[in-house]
Structure formats: C-alpha cells, structure tokens
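If you read the sequences in order, they're chains A and B.
Residues 0 to 249 in numbering that gives the first Met the number 0 are what the first sequence lists, from first letter to last.
Residues 0 to 480 in numbering that gives the first Met the number 0 are what the second sequence lists, from first letter to last.
Note that these hints are calculated values from the structure, not bench results.
Any given hint could be a false lead.
Listed below are the simulated SDA-like cross-link pairs for lysine to any residue, each with C-alpha atoms no more than 20 angstroms apart in a straight line [what the hints assert, rightly or not]: (1) B:Lys212 with B:Tyr232; (2) A:Lys45 with A:Leu9; (3) A:Lys195 with B:Phe278; (4) B:Lys146 with B:Lys134; (5) A:Lys39 with A:Glu58; (6) B:Lys271 with A:His88; (7) B:Lys146 with B:Ala208; (8) A:Lys45 with B:Phe278; (9) A:Lys208 with B:Gly364; (10) B:Lys271 with A:Ala227; (11) B:Lys271 with A:Ile24; (12) A:Lys195 with B:Phe246; (13) B:Lys286 with A:Asp223; (14) A:Lys134 with A:Trp103; (15) B:Lys113 with B:Met9; (16) B:Lys271 with A:Lys134; (17) B:Lys363 with A:Lys45; (18) A:Lys195 with A:Pro167; (19) B:Lys5 with B:Gly34.
If the Cβ cut is set under 7 angstroms, some of the chain B residues that face chain A in the computed set are [what the hints assert, rightly or not]: (20) Ser176; (21) His178; (22) Thr179; (23) Arg221; (24) Phe224; (25) Gly242; (26) Pro244; (27) Ser247; (28) Gly251; (29) Asn255; (30) Ser259; (31) Glu262; (32) Thr265; (33) Asp279; (34) Gly360.
Residues from chain A that keep clear of chain B, each with C-beta distances beyond 12 angstroms, as calculated [what the hints assert, rightly or not]: (35) Ser31; (36) Asn59; (37) Leu137; (38) Pro150; (39) Ala227.
Where is the CB? At the ideal position from N, CA and C, for every residue including glycine.
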Amino acid sequence: MHENGERIPLTIADYDRKAGTLTMIFQEVGKSTLEMATMKVGDEFKTIVGPLGHPTEVENFGTIICVGGGVGIAPVYPIARELKEAGNHVISIIGARTKDLLLWEDKMRAVSDELIVTTDDGSYGRKDLVTVPLKEILETRKVAKIWAIGPAIMMKFVSATTEPFKVPTIVSLNTIMIDGTGMCGGCRVLMEDGAKFVCVDGPEFDAHKVDWNNLLSRMTFYRDQEQAATARWKESHKCNLDRAVAEGVK
Amino acid sequence: MAELSKKDRMKIPRQDMPVQEPDARVRNFTEVALGFSKEMAQLEAQRCLQCKDASCMEGCPVEVPIPDFVGAVRDGDMAKAVQIMKSKNNLPAICGRVCPQEVQCESRCILGKKGEAVAIGRIERFVGDYELANKTYAVKKGAPTGKKVAVVGTGPAGLTCAVDMGIYGHDVTMFESLHTPGGVLVYGIPEFRLPKAVIGAEIENAANALGIKINSSHIVGRTLFIDELLSEYDAVFLGTGAGLPMFSPIPGINLNGVMSANEFLTRVNLMKGYLFPEFDTPVWVGKKVAVIGAGNVAMDSARCAARLQSLGMGNGGPGSEVHIVYRRSSEEVPARREEVHHAQEEGVIFDFLTNPIEILGDGKGGISAMRCIKMELGEPDQSGRRRPVPIEGSEFDMEVDQVVFALGTNPNPIVFVNAEGLERKRQGTVVANQETGRTTLKGVWAGGDVVTGAATVISAMGAGKRAAADMNEYLKGKTAW
Ligand SMILES: Cc1cc2nc3c(=O)[nH]c(=O)nc-3n(C[C@H](O)[C@H](O)[C@H](O)COP(=O)(O)OP(=O)(O)OC[C@H]3O[C@@H](n4cnc5c(N)ncnc54)[C@H](O)[C@@H]3O)c2cc1C
Ligand code: FES
C-alpha cells in the first residue's frame, strides 16, 4: 500500500478487460485490510502484481457444485460463471456467518442453475453450515466436480464431506505469502506428495490431498504480531467521534 | 604524500577496518564495518608494491586495474581512482563490501606470501563511498542506436548489463518481479552489511544518467513472457538469479518455525520486519535458532536472528542462542572470512560436522527439537572437499524452536514459461556460452546465478558485462547469432 506496507495475497473476484478494472473483495480482519478500507476513490497502491498462479481449468464436466463461504463467495463467482458458460449444470452453495456478511447473492444466482444460501445463525436462508446441503446433494445426485473457496476451516470440512463420495474437489488456498514468486517458500502447503508453493503451484489444489491441520496451524504463525499490529492501528485511528464520546464520558 | 622506500612501506601494518563493537551492534541493524578514513586508505595504499605483472588482477573476475587505482588513492587523486575503477566496475561501493576478496584479488597479492595482503577490498569500498559522496564521475549515454533491449532481473548481473548497454547507446528497459530493484542485494544481504541507501544510490545514478526504465512488479513468466519480450525488443538478457530455496528432505520441514533463509531474510531486509510494527511485515525469531548451512546466506541469517533476539522480538530476549549447523568442518566453510569472524564476535555458536535428520514437533504446530547426527570427513568428493559421512549411533536432539534452511538455491523456473528452445541443465540453470552469455534461444542472453547457480556478486557482474559486450556487437551487426 505504501513504503512501510506489507505484501498480501488477494484473489481476483472479477475483471473487465474493456474498462481495465479488477474487482477484489476483502474483509477487514487485520491492519492492512483495515487500512485499505480507509482508502478513497483515486487513492493509489504503491504496487500490485499479478495475476499469479495457475488459472482454473474450465470444461464441460456435467453437474458441478461451487461452494463459497464468506468473502470466498467473491472468487468463486467467476469460476461459477465460466463453468456455466462452458455448459455445466452449476449448483452453488453460498454461506456466511450472518445475513449482513453475505455478498453477491444476486450475481451468484445469475450464473447458477440452482442456488442454496446458508447462514450460521439462521438470519437468512437455511440455518446450516454449507456442508449440510452439500452432503444432501451428494447423497442423492451424481456430481462430477466440486470447487470450494472460503475460510480454511470451511474448506477443510468441505473436503471431509466430499471425500467419502470420491468426488474430485478443488480448493483455492490463500496461505501466508510474501513475494508471490516462489522465492521464499513461506506459502508452502503440505500435500500427500510433499510440500508445494501455493503462489506458484496453486492456488487450486486437490482438497483430498491437503494436510489441513498443518495448513491451519501455519496460518496462525504470526497471529500475535498480527493482533498487536491491528490493535495498534485501531488505537491510533479511533475516529474523532469515538474519542469525543470517550472524553465526554470521562 | 612523501615517497617512501620499499622497506619503509613494507613496515606499514595492514590497516584494520573500524567497526561497531559487537555488544552494541547486535542491538541494531546499522552497518558493522565503518569504512576507512582518507588517511587510512592512503596509508594502506602505500603498502602496495605496484607490481608490473600484478597477479592480484588475475584474481578479479572483472579485471579491475588494481595497482592503478590503489596508486591513485595513495597519491590522493580520488577522482582518478574512481575513474580507473569505474572503467571496469560500476558498483565499487557494493563490491568493496561484499566480494570475497580473500579468495580473489587479495589471495594473489605478493605481500600475502610472507605477511598480510594489501586490503584491496577496503580501499575499493573507500573509493566507492568517496564517489557516492562526491559524484566526480558521470556515466554518459552513447549516441542512440535505435535498438531496444530488455533486461530481466535487477540484481548485479542485470544491472551491469543494463548500464553497459546504456553506455553503448541502446534503449534499455528492465523488468523486476519484486517491488524494489536490486536482487539479492536488497532482499538477501542485510542492512548491517550493505546499507540499502548505497544500492539505491548506485541504481538511481546509473538509471538516471542512462535513461534506463525500471519496471518493478513485473514477473516474467506470469504477467509477461519471454516470447513477448522477443517480439518487442531486439535483445533480451536474463539475470533472474537463483531464487528458489531448497529444504532438506527430512520430516518436519512444514512445522511452524521452519523457514527458508530467503523467507527470513526477505521479511527482515526487503520488508524491514526488524522495524515491525513501524513496518507492517511481521518477523519472528526463536529462543534457540538453528541455521543450517555455512555460506554467506547462513551467516546473514544467523546474524539477523541474533539481532532480533537482542531486540527482544519473538521468543528472543536474554539467554537466546543462535547456532550455525554445518555438516562439514570449519575448513570448508564457504562464507566470507570477515562474516564468519563477525558472526563469532556476535555470539553465534558453530556446530560443525553436524547434520539434521528430523525436526520434531511440540504437538502445537511448532518445533521442540531438531534431531541431528554427527558426521566425520571421508574421501574427497566431486568438489574436492572431503565428503562428510554420518557416524552411526551418534544421533542426538538439539532443543530449538526455529530452524532456518540456508542450503543454497536453484534458479526459479517461473521465468521460463513460453520460452521454447531455451535449454536448461538438470539443476535448472540456463545453458549459456561462458564468454558471450548467448543461450540456445536466438536473441536471448543470460548471466549470473541463473547460469551458474548461487555464486557471487562480482561473478554475476562479470557475466553481465561480457553479455553486454556481445549483445552490442550483435546489435551493431558485427557478429551473426
Ligand atoms: C543472503 C545472501 C548473502 C550473500 N552474500 C554475498 C556476499 O557477501 N558476497 C558475494 O559476492 N555474494 C553474496 N551472495 C550471492 C550474490 O548475492 C549472488 O550471487 C548475486 O546477487 C547474483 O546476482 P544475479 O544478478 O545473478 O541475481 P540476483 O541478485 O538474484 O537478482 C535476480 C533478480 O531477478 C529477479 N527475478 C527473478 N525471476 C524473475 C522473473 N521471472 N521476472 C522478473 N524478475 C525476476 C529477482 O527478483 C531478482 O531481483 C549472497 C547471496 C545471498 C542470498
Ligand atoms: S509467497 Fe514466497 S514462495 Fe510463495
């Protein structure tokens, strides 16, 4: 973002070649995303680089399922769209913690033959985790392939859900990255056949070969520092209203 | 300075480099070696015997006229020293700091046969720093030739090639995958050994004077391709280095706390993680760190770790330790002698003839220990060094919470997408003519670590220079492909 910034990986949710624009969706979870949320139209990033990794392979597989969780709905959207265009019967399952965090329902509906919406708290759609409808479909219908993008823990459970049915399942991983060029190995994920670099070999991997516990553990490695940085940023950017209120109370 | 007799000159001792004291410097990232004063540089230059057939020059991969520039320093004509230096070496402030002089020029110095060699590297650094401060020398762009050249990678190989091509009058555009140019000089070698300001100044001066365009955040092989470059440019130079890290094929390498030296050093240097949270990139250091390997990369990792520990980052703080774990003996250590010496002074512990065989987990995703085996030296191997062989039954566990692999690197293959006809060897290095840098793909030259595998700054510069000379001949129609 700036001279003191860090390099973070974001998935491209949409693009428009004619307008020359990229769409990325991010959730404010740490210092960098909080800071990004303060940017205004016309502000600039110091640098962006991409697209990196390998594109999704699209063909007509038959009936496929696209699972999107939270901000993962955004990057699953272009995959669903391309798969639909290629003639697949697209079933989409999108889920969020709560109604307010659910995004792109209309866009997803437009590119899906069937759409199921879930929320953890039942504030909208089915009160379920995405894995519940997923399992129901797999029990009754023949599905050629599944794509799942969302929080690592969701992808882990999607993987566990689809494995007994032996349906090929592809996940898009977003591990901790620095360079994104294969130079540091910080992004590596342990697969059945050894470590792979997500930035170069990915982002898509066979869900059933991923060592999920190792992945989840690696994602937390810098958590203390990340939390400290977030707290520090919030402290120094308390909005004037907050401060005024705090002072008023005193 | 008054002319001294040879005998008097022989009496002058080799001048020591002023340095920051070890206990102060392990708490900061500012430069360790402080550089010669003018007086020291001149005194040291007096020691040079000005040999006619100077053998020191044979030890220099870019053939710097050593006695001439040392003579100019002795006479106090620094501008002349700069000019002589720059005729062969564009980056003396960098080379003076990082070249392994003890195995190059200084190893050939006649004085070294009986006593101590002239401190050529330290005088070189003085000349480089003098130029950065005084700007006496301006590179000039040659008359425009109308030819366009693409240089991929902004490390020493790419930079040297780009500068020479600019001087020849070609229109040069550089492509760099990271957001800052400089290659290993900016992402690998730490601030306390090579300040970023020195590199930045060298690159900026050259690029401005020669109108070289630097496109950062352009990953060739991902966001643009070699075949595209070939259709847009008259010649392409690949100086993409050897950036792919290697891990030992042992169990446990994916535990938290196990990382490549590239990751650790990039976080610390390029991203300035040592200034976290002023800078956003976090870096973590263990209480007991094992660095595997004993090259420059290992020394830099160990010394960064020691500093982060002293600053109390991660699990650091009082009682922390950094170990260099090396499977051969002290004799075979490939790092620059000065770095080993500095690391020792800073408290880094060396465990020779020791090889890791497994990294053990703490059950919470992190590391509890590293299982090692003791080694002994056997028969010489291909490299001429005695091969380390494991001593059966000598396994032991070393309690550590961080393991940094500094085992060397191979070329990153990402650049070779859409480059049909560009041959590579088994290790992934590019096949290129040693004299000219020509690859097996017409219009593409290569040099530096991408051809040789991990080597040195000066050898990369030499390759960039030779390739530029050949490219120039080719572009002027003097040689066919
Ligand atoms: C930590 C460390 C310490 C070292 N210490 C010393 C020392 O003290 N003395 C010494 O002589 N040598 C030292 N070396 C070795 C020396 O730095 C290298 O030999 C030298 O930098 C090689 O130069 P190069 O130009 O070939 O490649 P590099 O310096 O590696 O530069 C290559 C550049 O190309 C870029 N690149 C790669 N792929 C692409 C792509 N696809 N598209 C666009 N750009 C790309 C990279 O980002 C990089 O900037 C050290 C190396 C390391 C890692
Ligand atoms: S992010 Fe560094 S290798 Fe993938």
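Hint check results:
1. Under the criterion of a C-alpha separation no larger than 20 angstroms, the hint pairing B:Lys212 with B:Tyr232 is consistent with the structure, at around 14 angstroms.
2. Restraint check: the Cα-Cα separation between A:Lys45 and A:Leu9 comes to about 15 angstroms, which is no more than 20 angstroms; the hinted pair holds.
3. About 28 angstroms separates the Cα atoms of A:Lys195 and B:Phe278, which puts this hinted pair outside 20 angstroms; it is violated.
4. At most 20 angstroms may separate the alpha-carbon atoms for a hinted pair to count; B:Lys146 and B:Lys134 exceed this at roughly 29 angstroms.
5. The suggested pairing of A:Lys39 with A:Glu58 is violated, with an alpha-carbon distance near 39 angstroms, which exceeds 20 angstroms.
6. Of the supplied pair hints, the one linking B:Lys271 and A:His88 is violated, its CA atoms being roughly 49 angstroms apart against a limit of 20 angstroms.
7. Straight-line distance between C-alpha atoms of B:Lys146 and B:Ala208 comes to about 18 angstroms, which keeps the hinted pair within the 20 angstroms bound.
8. A threshold of 20 angstroms between alpha carbons decides the hint, and for A:Lys45 with B:Phe278 the separation of about 14 angstroms falls inside it, so the pair holds.
9. For the hint linking A:Lys208 to B:Gly364, the alpha-carbon distance of about 19 angstroms falls within 20 angstroms, and the restraint holds.
10. For the given pair, B:Lys271 sits about 17 angstroms from A:Ala227 by alpha-carbon distance, which is consistent with the 20 angstroms threshold.
11. Between B:Lys271 and A:Ile24, the direct Cα distance comes to roughly 27 angstroms. Violation of the 20 angstroms bound is thereby established for this hinted pair.
12. The suggested pairing of A:Lys195 with B:Phe246 holds, with an alpha-carbon distance near 12 angstroms, which does not exceed 20 angstroms.
13. Taking the CA atoms of B:Lys286 and A:Asp223, the gap is about 16 angstroms. The hint holds against a cut of 20 angstroms.
14. Simply put, A:Lys134 and A:Trp103 have alpha-carbon atoms about 23 angstroms apart, too far for the 20 angstroms limit, and the pair is violated.
15. With a CA separation close to 11 angstroms, the supplied pair B:Lys113 and B:Met9 stays within the 20 angstroms bound.
16. About 47 angstroms separates the Cα atoms of B:Lys271 and A:Lys134, which puts this hinted pair outside 20 angstroms; it is violated.
17. Between B:Lys363 and A:Lys45, the direct Cα distance comes to roughly 37 angstroms. Violation of the 20 angstroms bound is thereby established for this hinted pair.
18. Taking the CA atoms of A:Lys195 and A:Pro167, the gap is about 19 angstroms. The hint holds against a cut of 20 angstroms.
19. Between B:Lys5 and B:Gly34, the direct Cα distance comes to roughly 26 angstroms. Violation of the 20 angstroms bound is thereby established for this hinted pair.
20. The interface hint given for B:Ser176 is met, as the beta carbon of that residue sits about 5 angstroms from the closest beta carbon of chain A, less than 7 angstroms.
21. Evaluation of the B:His178 hint against chain A yields a held restraint, the C-beta minimum of about 4 angstroms falling below 7 angstroms.
22. The criterion of a C-beta within 7 angstroms of any C-beta in chain A is not met by B:Thr179, whose closest approach is roughly 9 angstroms, and the hint is violated.
23. For B:Arg221, the interface hint holds, since its Cβ comes within 7 angstroms of a Cβ in chain A; the closest pair sits about 6 angstroms apart.
24. Evaluation of the B:Phe224 hint against chain A yields a violated restraint, the C-beta minimum of about 13 angstroms exceeding 7 angstroms.
25. Because the smallest distance between the Cβ of B:Gly242 and any Cβ of chain A comes to about 4 angstroms, under 7 angstroms, the interface hint for this residue holds.
26. Annotation: B:Pro244 was flagged as interfacial toward chain A, and the flag holds, the nearest CB pair being 5 angstroms apart, inside 7 angstroms.
27. Nearest Cβ of chain A to the Cβ of B:Ser247: about 12 angstroms, over the 7 angstroms cut. The hint is violated.
28. Because the beta carbon of B:Gly251 sits about 11 angstroms from the nearest beta carbon in chain A, more than 7 angstroms, this interface hint is broken.
29. A least Cβ separation of about 5 angstroms between B:Asn255 and chain A falls short of the 7 angstroms threshold, and the interface hint therefore holds.
30. About 4 angstroms separates the beta-carbon of B:Ser259 from the nearest beta-carbon of chain A, less than 7 angstroms, and the hint is met.
31. Annotation: interface hint on B:Glu262 holds; nearest CB of chain A at approximately 4 angstroms, less than 7 angstroms.
32. Nearest Cβ of chain A to the Cβ of B:Thr265: about 5 angstroms, under the 7 angstroms cut. The hint holds.
33. Because the beta carbon of B:Asp279 sits about 4 angstroms from the nearest beta carbon in chain A, less than 7 angstroms, this interface hint is met.
34. Interface restraint check: B:Gly360 against chain A, minimum CB-CB distance 10 angstroms, threshold 7 angstroms, status violated.
35. Here A:Ser31 does not stay apart from chain B, with its beta-carbon only about 6 angstroms from theirs, under the 12 angstroms limit.
36. For A:Asn59, the non-interface assignment is confirmed: its Cβ lies about 27 angstroms from the closest Cβ of chain B, beyond the 12 angstroms cut-off.
37. Remark: the non-interface label on A:Leu137 is consistent with the geometry, its nearest Cβ contact in chain B lying 30 angstroms away (cut-off 12 angstroms).
38. A:Pro150, annotated as away from the interface, keeps every beta carbon of chain B farther than 12 angstroms; the closest lies near 18 angstroms.
39. The beta carbon of A:Ala227 sits about 7 angstroms from the closest Cβ of chain B, which is not more than 12 angstroms, so the claim that it is off the interface is violated.
In this structure, the earlier hints numbered 3, 4, 5, 6, 11, 14, 16, 17, 19, 22, 24, 27, 28, 34, 35, 39 are contradicted, and the remaining ones agree with it.
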